[in-house]
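Peer 1: Construct all of the structure, not just a fragment, from the sequences and the given hints.
Next come the chains, spelled out residue by residue.
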Amino acid sequence: MKPDTDFNRETSSPSVSTTLADIFAFLALLMRYPEKSFFDDEFLDTLENLLDKLDLEPLRQKISVWRSSVDDQLLDAQVEYTRLFINAAPHLIAPPYGSVYLESERSLQGKSTETTRDFYRRYGFDVVNKAEPADHITLELEFLSCLYRQEEITAAETFVRTLFLPWFEQFYQQLMPELRHPLYEVSIQLISYFVQEDQ
Amino acid sequence: MAINLTRRNFLKTASIAAAGIPLSKVVAKAGTGIAKAPLIPPGSFKHTKTVTGGICEMCFWRCQLVGKVRGDRLVKLEGNPKSIDNGQNLCARGNAGIKLVYDPDRLKYPMKNIGKRGAPKWQKISWDEALNICADKLQTTIDKYGPKGIAVWYHGASTHYPNAYFDYLGVPNKYEPAFYQCRGQTAMAMMQTLGFVPNEDVDMPNSKAMLLVGCHIGENIHLSHVKNFLKGLENGSKAVVVDPRFSAAAAKAHIWVKIKPGMDTAFLLGLMNYMFDKGIYNKSFAKKYCLGLNRLKKHVAEWTVEKTASECDIPAAQIVEVAELLAKNAPNVSIHPGRHAAWYGNDFQRVRANACLTAILGAMDCPGGIVRIKRMSSGHVHWPEVEHKEDPEEMALAELEEKFPFRPPGTPPELMRDTMISGKPYPIKSLIVWGTNSIKTMPRQERTEKALANMDFILVTDVTPTDITMWADILLPEASYLERYDHIEKGTQWNQGDTPQQFLSARMPLIDPMFERKDPVWMINELARRMGHEKDIPVKNQEEFVNHLLKETGLTIAKLRKLDGIYIQPGESPYLKKGEEPKFDTDSGKIELYSEAMEDEDFPALPTYTKTAEPPKGFARMIYGRSPVHTFNRTANNAWLVREIPENPLWINDESAQKMGLKDGDRVFLENQDGKKSVSSTVVKTTPGIRKDCVFIAHGFGTFNPAMTVGYHKGIDDNELNTIINREGETGISGMRINFVRVVKDGKVIDIPA
Chain F
1 MKPDTDFNRE TSSPSVSTTL ADIFAFLALL MRYPEKSFFD DEFLDTLENL LDKLDLEPLR
61 QKISVWRSSV DDQLLDAQVE YTRLFINAAP HLIAPPYGSV YLESERSLQG KSTETTRDFY
121 RRYGFDVVNK AEPADHITLE LEFLSCLYRQ EEITAAETFV RTLFLPWFEQ FYQQLMPELR
181 HPLYEVSIQL ISYFVQEDQ
Chain X
1001 MAINLTRRNF LKTASIAAAG IPLSKVVAKA GTGIAKAPLI PPGSFKHTKT VTGGICEMCF
1061 WRCQLVGKVR GDRLVKLEGN PKSIDNGQNL CARGNAGIKL VYDPDRLKYP MKNIGKRGAP
1121 KWQKISWDEA LNICADKLQT TIDKYGPKGI AVWYHGASTH YPNAYFDYLG VPNKYEPAFY
1181 QCRGQTAMAM MQTLGFVPNE DVDMPNSKAM LLVGCHIGEN IHLSHVKNFL KGLENGSKAV
1241 VVDPRFSAAA AKAHIWVKIK PGMDTAFLLG LMNYMFDKGI YNKSFAKKYC LGLNRLKKHV
1301 AEWTVEKTAS ECDIPAAQIV EVAELLAKNA PNVSIHPGRH AAWYGNDFQR VRANACLTAI
1361 LGAMDCPGGI VRIKRMSSGH VHWPEVEHKE DPEEMALAEL EEKFPFRPPG TPPELMRDTM
1421 ISGKPYPIKS LIVWGTNSIK TMPRQERTEK ALANMDFILV TDVTPTDITM WADILLPEAS
1481 YLERYDHIEK GTQWNQGDTP QQFLSARMPL IDPMFERKDP VWMINELARR MGHEKDIPVK
1541 NQEEFVNHLL KETGLTIAKL RKLDGIYIQP GESPYLKKGE EPKFDTDSGK IELYSEAMED
1601 EDFPALPTYT KTAEPPKGFA RMIYGRSPVH TFNRTANNAW LVREIPENPL WINDESAQKM
1661 GLKDGDRVFL ENQDGKKSVS STVVKTTPGI RKDCVFIAHG FGTFNPAMTV GYHKGIDDNE
1721 LNTIINREGE TGISGMRINF VRVVKDGKVI DIPA
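Just so you know, the protein sequences line up as chains F and X, in that order.
All letters in the first sequence, in the order written, are residues 1 to 199 by my numbering.
All letters in the second sequence, in the order written, are residues 1001 to 1754 by my numbering.
Bear in mind the hints are in silico, worked out from the structure with no lab data behind them.
Please note that a few of the clues may not be correct.
[Claimed, not checked] So the derived list for chain F, only partly shown, Cβ under 10 Å to chain X, looks like this:
1) Ala25
2) Phe38
3) Asn87
4) Leu139
Don't be surprised by glycine CBs; every beta carbon is placed ideally from N, CA and C.
Peer 2: Printed below as a string of structure tokens:
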């Protein structure tokens, strides 16, 4: 383990990187198919709480309004997730896989997927379920969380810069016109908030 | 601070940390997709390995292939170097299998439609939930209506095991487009006449002449078949291609017979009449092995060269030239039986005429003729025989209505569709669609949609989204042909003139299926368990299924794997040995030029031409065919193939086009005789290589389903314009070249001059 930063020594809170690890793990969950096992009131409360602490009040309000207007939030989120990211009619909006945007032809398991997995392995991680391509947005965010947890800050920065942002920006553009659902509008903006460089 | 936090700035982060938001608690509930693994330095999984045992299914020719796999990723497909069939070659589609496997649009998880059929809203659900729903709905149908309340539409190698289960359930009505919109008549009319089905086993490399009627080898690329055709040409065989269009095969032909569409039967009868008249047919063969020779002679006598020439709109001299060429080289001539035969609704008779011509030339079981290739055999998997309250065979619609006595296996699709709409003679309320896009295969799509709307339950299983997947209640994702075990491919060396060898290969996965895609054996067994049939499950999994099929050969998956996927043994020549007599498995034991069985069923006992309707004024007949890099609609979403040939240009005669003010590259829609306009458009290709009374487009384009993001609305769907149905009485198969179109450009309808 690397030593804590000066900043952390000055406070009694968890280290910055531990907090970032938690945040990225949470962002990863936002991009995972909503399941009963985690997608509950506590999860959504946490999301609102996080938005509140980040002073992103308009986003928090969107979530709050959505929660009060939809009875079955889980089903609502599942259907929208499926439409945006899995299979849909009229058509799949934005497959959440890096290679679809990074390769010359939109394709899964491209060379860039291999590079991504290579990166995971170099830091001693791998995907649990081999049936999922390694460059699914959720896995990439989880990996970032793992890096922060190990205080591999530089590696995380490099990963974001070289493998995540290059496709996330295109993905975001492709999603934008279809981002009508508050949950996913907010989720994507929140991810963007944490990965974009300062202007 | 050592950490260069940018926008993820430490103040915000600190405030979150200090705020005590229970992020880690929330996150812990969900588990993780990334875990610690042994450290692997870069480069250590860069080595590519070759995985053998693949069998292609980008079309139905089943070339044997190998995959180059790096890590978990399939990076390239190649012909299996051990193959004596396709060899190391693969066609464009075979190569592009990779794009199918990794197509992001592919089905990934089981889905439930919580929207409407045709305008679905999908919810991803678990396999358990999906299969529970399927079992419940199918059981409800069976309880209420009996197994006859279920219909099955299927296609492809993956349906072997599911079909065995549907038979066990007692489902009487199943339909496969491979028979009913393609080669049904070719198989059944050959069987009725010769007592065997030659498929495309035509010894073209060793022929002296070849006759292809409407068969455009080279546009339909089946590798070893194309090799056979080309080898024949290389060896000096003279090709005659009968086609209204200057097809790829016509471009290689010695004689191109630019026949009027719909006149092929007349042409064949005319050829036979000329040969009889001149006494140049294979007399000894015909006398010895054919039944009804004299009756056939009398029957075709009306088809004089002049009449044939006038009806077919071709020069009389050309008929003579073709007849002389074939007769002179008999029996070493390849009279190609064709494959897709559902053209004009009188096709059974045309194939009969083709078989009769083959017979009077004696062009079989000899070099150059149609040959009975001797392949190894393999087994089947059956579920136990069970007694059903109603005998499924008797309950099959065609049987019940005493219709279509010479139909291929299964129920004619329009008959089934009518019943699904009317509920007569009994209700069909659940539909299982497995690996076929019936919106594209069956003419009159609005009837298909009506039938679908009438169902209580629709289950669709496929590899990719297609038009019909939009109608599913439950949609199941199947592992592709590169990710599963199933088919046993048996054959011989591609050129029958070479040293006889036989091969056998079993399809083995080159990579594991991704996401939650499953193989059909797993799916069916899980369904069967939920329907209370666990004790009768015949094989536990797909490997056991294939080993069962291999049982009688003494081979196993493990043995085949050691043999690089292909077992080869010495074979037998398909040519008759000196003194060996040919056998014909017909009622009479002879080739039935005259068929009593047909007479008994009130059909012409001798091959008979019936007139095909002419195009109305201002319209031309719409004919269709294949595109060399596509397999119908199956490849419509394949990025590589769509890049090569993105749409299906409309072939139109150049002189007609000039009169119509059309030029190459113009965008046009088509409108048929019933005012049905194509949803999408295509480009014009003007050419002297097509007659004025017809236009041509390749089939399989103009996809309706926007989920197929690559192929959506590219080109025109010919089937959408098939509103006339002309079911022939022998088989129940409808012709699909009996519709007529004119052109719509910039919203203006333009007549096609005669």
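Peer 1: Each of the hints needs a verdict: does it hold here or not?
Peer 2: Cross-check of the supplied hints:
| no. | hint | verdict |
| --- | --- | --- |
| 1 | Ala25 | 4 Å, holds |
| 2 | Phe38 | 4 Å, holds |
| 3 | Asn87 | 6 Å, holds |
| 4 | Leu139 | 5 Å, holds |
The structure fails none of the hints (numbered hints given earlier).
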